[in-house]
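Here the protein sequences line up with chains A and B, keeping their order.
Residues 1 to 301, numbered by the numbering used here, are exactly what the first sequence covers, in order.
Residues 1 to 301, numbered by the numbering used here, are exactly what the second sequence covers, in order.
Hint data in this document are derived by calculation from the structure and do not stem from the laboratory.
Heads up, the beta-carbon is just placed ideally off N, CA and C, and yes, glycines get one too.
Careful, some of the hints might be misleading.
What the hints assert, rightly or not - Facing chain A, from chain B, some residues (calculated, C-beta under 8 Å):
(1) Gly209
(2) Phe229
(3) His230
Said to hold, decoys possible - Every beta carbon over 12 Å from chain A, so not counted as near; a handful from chain B, in silico:
(4) Asp33
(5) Val64
(6) Lys65
(7) Glu113
(8) Asp127
(9) Arg170
(10) Gly196
(11) Thr206
(12) Ile208
(13) Ala225
(14) Arg234
(15) Ser271
(16) Glu300
Single-letter residue listing:
Number of protein chains: 2
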Amino acid sequence: MMNVAQCRALIESTKLFVFDCDGVIWRGATLIDGVADALDGLRRHGKRVAFITNNSTKTRANFVKKFHGLGLTWVERDDVWSSASAAAAYLTQRAKLDKSRKVYVVGQSGLCEELCEAGYTVLGGPDDEGSSVFPVPERFEVDPAVGAVVVGFDRAINYYKLAYATMCARENKDCLFLATNRDAITHLNDEQEFPGGGTMVAALETAIGRAPEVAGKPSPFLVDALYAFHGLDRDSAHAVMVGDRLDTDIIFGNTNNMATLLVMSGVTRQSHVDATQPGEDDYPTYIAPSLKLLADTLAEM
Amino acid sequence: MMNVAQCRALIESTKLFVFDCDGVIWRGATLIDGVADALDGLRRHGKRVAFITNNSTKTRANFVKKFHGLGLTWVERDDVWSSASAAAAYLTQRAKLDKSRKVYVVGQSGLCEELCEAGYTVLGGPDDEGSSVFPVPERFEVDPAVGAVVVGFDRAINYYKLAYATMCARENKDCLFLATNRDAITHLNDEQEFPGGGTMVAALETAIGRAPEVAGKPSPFLVDALYAFHGLDRDSAHAVMVGDRLDTDIIFGNTNNMATLLVMSGVTRQSHVDATQPGEDDYPTYIAPSLKLLADTLAEM
Chain A
1 MMNVAQCRAL IESTKLFVFD CDGVIWRGAT LIDGVADALD GLRRHGKRVA FITNNSTKTR
61 ANFVKKFHGL GLTWVERDDV WSSASAAAAY LTQRAKLDKS RKVYVVGQSG LCEELCEAGY
121 TVLGGPDDEG SSVFPVPERF EVDPAVGAVV VGFDRAINYY KLAYATMCAR ENKDCLFLAT
181 NRDAITHLND EQEFPGGGTM VAALETAIGR APEVAGKPSP FLVDALYAFH GLDRDSAHAV
241 MVGDRLDTDI IFGNTNNMAT LLVMSGVTRQ SHVDATQPGE DDYPTYIAPS LKLLADTLAE
301 M
Chain B
1 MMNVAQCRAL IESTKLFVFD CDGVIWRGAT LIDGVADALD GLRRHGKRVA FITNNSTKTR
61 ANFVKKFHGL GLTWVERDDV WSSASAAAAY LTQRAKLDKS RKVYVVGQSG LCEELCEAGY
121 TVLGGPDDEG SSVFPVPERF EVDPAVGAVV VGFDRAINYY KLAYATMCAR ENKDCLFLAT
181 NRDAITHLND EQEFPGGGTM VAALETAIGR APEVAGKPSP FLVDALYAFH GLDRDSAHAV
241 MVGDRLDTDI IFGNTNNMAT LLVMSGVTRQ SHVDATQPGE DDYPTYIAPS LKLLADTLAE
301 M
């Protein structure tokens, strides 16, 4: 566990704190102890903060509402980086997909809305929920203007969507294939691991026959976009990734030249930590029980 | 291309001819030229024949009906090996799954029927088509008696099925995870490549976190079951696999100690053949335009 002196040194040397949300900031509908004070303290010391989440089903506006509801009323849309907004940023900034080209979505409304806000005409998503059973035509026609297939978590996944996305990616010229994220599992309730967005991605990867680009964690694109937004340089960003998962957050930070702080307020148990090895991508630089350690340290600074 | 002398030698040295169906025996609803005479000739010369298909959506009874409708009225259920019947055989013969354990199916009615006929209580399949949208419970309960999840091509795939199968495989003790086949694409119409059963398998493999056993082509299980049925020994079976696809049929034969005969009456073009290399798993032993060469050769024998 990190001690107060180490925590103080980390705060002093860090320009940007990047936080995973679930298990770090909140658990379900509850703010985790110490979070409000930790964030206030960091901002008071002139630190930049950003929140990232691989949840692609909500818009940043939805997340801002959640932050406000938990009392973090200073949080703005630009502070939040979701895998849906990352996908939209990928299309505009990285792929430079012309706005005349449409986007076919296998995913939920939040993803569609982020892509619409970025200026794209969006097909699929909830509009194709009702098309699960369809007669097979002599030729399955797709809109030739579709220039990108974007896939995220979709509880209304069906064969029509899989077929439409597959035909676009296989038959439309230069059609991009982009995943919001590849998380294998997701927690729809507190106890169990449900199929995550990575299951829809794997299905389409198989049918399309090529691997997707990835916009969210642990893709380096998200870091590049985040650093560009904050005017930071990748090599001297002095950023720290704070997360509760070794296999996503900590790997993401370690492979992107960030320090990593694992908090034990989420899904990771000591036995998981004991199974990691120094030098491995999932080995955290620091470990703390929760953000309360930051709050306490900042109170003394 | 194989000449008549080679064809004659192949027939003379072969005990068992294993035929893929689509593109070899029929194209859509049409019998391919020479097939009836070739099969009659082989049977007249005392050769054993078997038909195998990775289509898991129909029962063997359905296939027999198709054979009969095309004039091949001697074909019986035991002559047909589908990936659905292979899955049922896998559970009974290989996994020796007790009949008291239930089977959860992500797949269509033919697969469910084959598993029922094998003596299992089947859950899922078409019964769970209507469950695509469901409120997330505090705990997603699955039947603890489910001892195997079997996945095949499913045009009515939905999130409920993916979640149910995932929970069974992750939470039920010793729950088997079995795929009928992993074909990435399928031809629902003549022109296009649609997502195949392999897409549903990939989705579940991701969520479950382990690779499935496979019953159909190119799994060696299918060959073992076929040889056992015909009382043949794997090392001296003198079998030939006849197919129209390099990436499934020819690989299947080559990796299972069979001679392989590629027929050009299906999806493979000369350019595909030119891209194969001697010694590779997809390099066929022989190539013929269609089964008409067998028919013509047999007419002279």
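Verification of the supplied hints:
For Gly209/B, the shortest C-beta to C-beta distance to chain A is roughly 6 Å, which falls under 8 Å, so the interface hint holds. For Phe229/B, the suggested interface contact is broken, since its CB lies about 31 Å from the closest CB of chain A, more than 8 Å. Proximity of His230/B to chain A is violated relative to the hint, the smallest CB-CB distance being about 33 Å (cut-off 8 Å). With 12 Å as the threshold on Cβ separation, the claim that Asp33/B sits away from chain A holds: the shortest Cβ distance comes to roughly 24 Å.
Taking the minimum C-beta to C-beta distance to chain A, about 24 Å, the non-interface status of Val64/B holds against the 12 Å cut. Listed as outside the interface, Lys65/B is consistent with that label: its C-beta sits roughly 20 Å from the nearest C-beta of chain A, beyond the 12 Å cut-off. Chain A leaves Glu113/B outside its interface by the beta-carbon criterion, the shortest separation being 20 Å against a cut-off of 12 Å. Taking the minimum C-beta to C-beta distance to chain A, about 15 Å, the non-interface status of Asp127/B holds against the 12 Å cut.
Distance check for Arg170/B against chain A: the nearest CB is about 7 Å away, which does not clear 12 Å, and the non-interface claim fails. Once the 12 Å rule is applied to beta carbons, Gly196/B is inconsistent with being away from chain A; the minimum gap is 7 Å. Here Thr206/B does not stay apart from chain A, with its beta-carbon only about 4 Å from theirs, under the 12 Å limit. Interface exclusion of Ile208/B from chain A breaks down, the closest Cβ pair being 9 Å apart, not more than 12 Å.
Distance to chain A confirms Ala225/B as a non-interface residue, since its nearest Cβ pair spans about 26 Å, more than 12 Å. Remark: the non-interface label on Arg234/B is consistent with the geometry, its nearest Cβ contact in chain A lying 30 Å away (cut-off 12 Å). For Ser271/B, the requirement that its beta carbon stay farther than 12 Å from each beta carbon of chain A is met, with the minimum near 17 Å. Chain A leaves Glu300/B outside its interface by the beta-carbon criterion, the shortest separation being 41 Å against a cut-off of 12 Å.
Of the numbered hints stated above, those contradicted by the structure are hints 2, 3, 9, 10, 11, 12, listed in ascending order.
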